Amino acid sequence: MKQKLAVPVLLFALLAVVMTLVQFEVIDLYIQTIILFIGINIIISSSLNLVNGHMGEFSCGHAGFIAVGAYVSSVLSVALFAQDRIFGAPLLPPQYTVYAFPVILVIGGLAAAFAGLLVALPSFRTRGDYLAIITIAANYIIITVIINIDKIGGARGFMGMKRVVFAMEDTAAIPWMVLWVFLFTILSIIAIRRFVSSTYGKGIIAIQQDEVAAEIMSVNTNKMKLIAFMLSSGLAGIAGGLYAHVIGYVNPKSFDILKSTEALVMVYLGGMGSITGSILSAVLFTLLLELLRPLQIIKWIVIPLLLIILMQFRPEGIMGNRELVDIFPKLKKFYRFK
Amino acid sequence: MLLEVKDLKVQYGNIAALHGIDFHVREGEIVTLIGANGAGKTTTLYTICRLPPPEAPKLVAGDILFRGQSIVKTEPHDIVRRLHIALVPEGRHIFGNLTVLENLKLATFARRDQEKINEDYERIFDLFPRLAERRRQRSELLSGGEQQMLAVGRALMSGCQFLMLDEPSMGLAPLLMYDMFRALKRLNEEGMTILLIEQNAHVALEFAHRGYLLETGNIVLAGTSRELMDTPEVHKAYLGG
Chain A
6 MKQKLAVPVL LFALLAVVMT LVQFEVIDLY IQTIILFIGI NIIISSSLNL
56 VNGHMGEFSC GHAGFIAVGA YVSSVLSVAL FAQDRIFGAP LLPPQYTVYA
106 FPVILVIGGL AAAFAGLLVA LPSFRTRGDY LAIITIAANY IIITVIINID
156 KIGGARGFMG MKRVVFAMED TAAIPWMVLW VFLFTILSII AIRRFVSSTY
206 GKGIIAIQQD EVAAEIMSVN TNKMKLIAFM LSSGLAGIAG GLYAHVIGYV
256 NPKSFDILKS TEALVMVYLG GMGSITGSIL SAVLFTLLLE LLRPLQIIKW
306 IVIPLLLIIL MQFRPEGIMG NRELVDIFPK LKKFYRFK
Chain B
123 MLLEVKDLKV QYGNIAALHG IDFHVREGEI VTLIGANGAG KTTTLYTICR
173 LPPPEAPKLV AGDILFRGQS IVKTEPHDIV RRLHIALVPE GRHIFGNLTV
223 LENLKLATFA RRDQEKINED YERIFDLFPR LAERRRQRSE LLSGGEQQML
273 AVGRALMSGC QFLMLDEPSM GLAPLLMYDM FRALKRLNEE GMTILLIEQN
323 AHVALEFAHR GYLLETGNIV LAGTSRELMD TPEVHKAYLG G
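From first to last, the protein sequence lines are chains A and B.
For reference, each letter of the first sequence is one residue, going 6 to 343 in the numbering used here.
For reference, each letter of the second sequence is one residue, going 123 to 363 in the numbering used here.
Chain A on its own, in the form it takes in the complex (with noise of 0.2 Å):
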């Protein structure tokens, strides 16, 4: 029983310091921005990992959906609690905001979600790469769309989340994205760790592997397509509802082909269908990214390069598929991951 507590109570006990840390302004605001960064990674790698990894088919516009979800929270909790030119008032009294911003991150995942599902129903009809193709266009579609819209800022981007952060935090002083982040990232490693773990999982497993012997092993392997894309996609617009209020502002061209390849290459570095390596990669990355800063623009030279390197040595990732526990069996007193 004690140890069934380890791994929850070590969790909480990170949260607790990350959050006395960023309280007591021991840490400023850019290692702060990092450290949920960090978080946000985490979900988009280990959400496109479920499609890309475990399922084993190649999604590369996960930016779409990102975007739709930070679009769609944006706007809702904009329009909700923040004086806003195009959308006037805040309809509710800023108190609510802590309550209601869970809701609209998930609303966000929903309405991300649901693009996910416009975007699988076509092109799971078909077999093989059609995917990538599809959802690179879809992520183009998604982005141009967005740059349409002027009522939602168009081209210039869109703010105002920053006004609804603070109405958090102006209702109980605490720093709230942490808790947001950290408690979003855990559930859906949780939500995805059980997904593949179910008998559904298997399924999932079972279409990576072959889909004729899938499907004649009675796996719907159209529908548990259709889920496993629609979760994916679901995730990765709570990571984008979280991004944007973190930032506090989205533009659409930050969520194109660049951030889908940034998504793709974490997925890459961890290992394909290991939910450990998605974690892994994604702390890594992040990390790279702002230690490279320094370099600028040369940053898109190196890291490609590392990738390639990372190619030529080790193709199959860092984890491989295999998770933490299969490398330290001991680790299993602690938690089960399969």
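Keep in mind that a hint or two might mislead.
[What the hints assert, rightly or not] Straight-line distance between alpha carbons at most 30 Å, and here's what the computed DSS-like set of lysine-lysine pairs gives:
#1 B/K195 <-> A/K228
#2 B/K227 <-> A/K228
#3 B/K180 <-> B/K128
#4 B/K238 <-> A/K228
#5 A/K258 <-> A/K156
#6 A/K335 <-> B/K227
#7 A/K337 <-> B/K227
#8 A/K167 <-> A/K156
Calculated from the structure, these hints are not laboratory results.
Keep in mind it's a predicted model, so treat the numbers as computed, not measured.
Assemble chain B onto chain A, guided by the hints.
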């Protein structure tokens, strides 16, 4: 009548693969479809399984009745789930980087009868003791014969009552092949209906009750195994002549 195929015509694009074949399988029988390469044997099985294109070709005309009901509109997963038809595909299609046990477990995907599932594990390990020995091994590390056993075992784990096998003898040493057929014979004696596809007409006819000879999309000969065994057409098909 368990399975009735009536005037089945199927095409890959514009190329006809089956020109209207008729055959049937009765409950408890072993029936074999024999024929040379390209005769349409695998196509027939895939069409019965309703696998989507490109695996299975388009059904142009005809009907497939299972227990008197048309299954032409049934989805492939429902073929396994509701009608309990299982296919052991050619080339085995096992899940390579899963263990033997995981492969078997995956086949129970749609089943909820846990007690019966446990019995089925026992039954399969009894039928193929090699699989029991290697249950924790990754299935791609098994030998060809063991992989074939696994493919059959996996099909059985789906809780099937009608088993279709696509060239189970392919790539097996004669000794292993006879082992396999002995196991299948035992299954049949326990009540399993079997539809077998074989190139090795001799072995297939020895094993089956009845057979059909398929030649470039047509059934040219039908009869009991004994009748078929001595016909010149079978000799010709068998030798590819």
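Hint compliance check: list the failing hint numbers for this structure, sorted ascending.
The structure breaks none of the hints.
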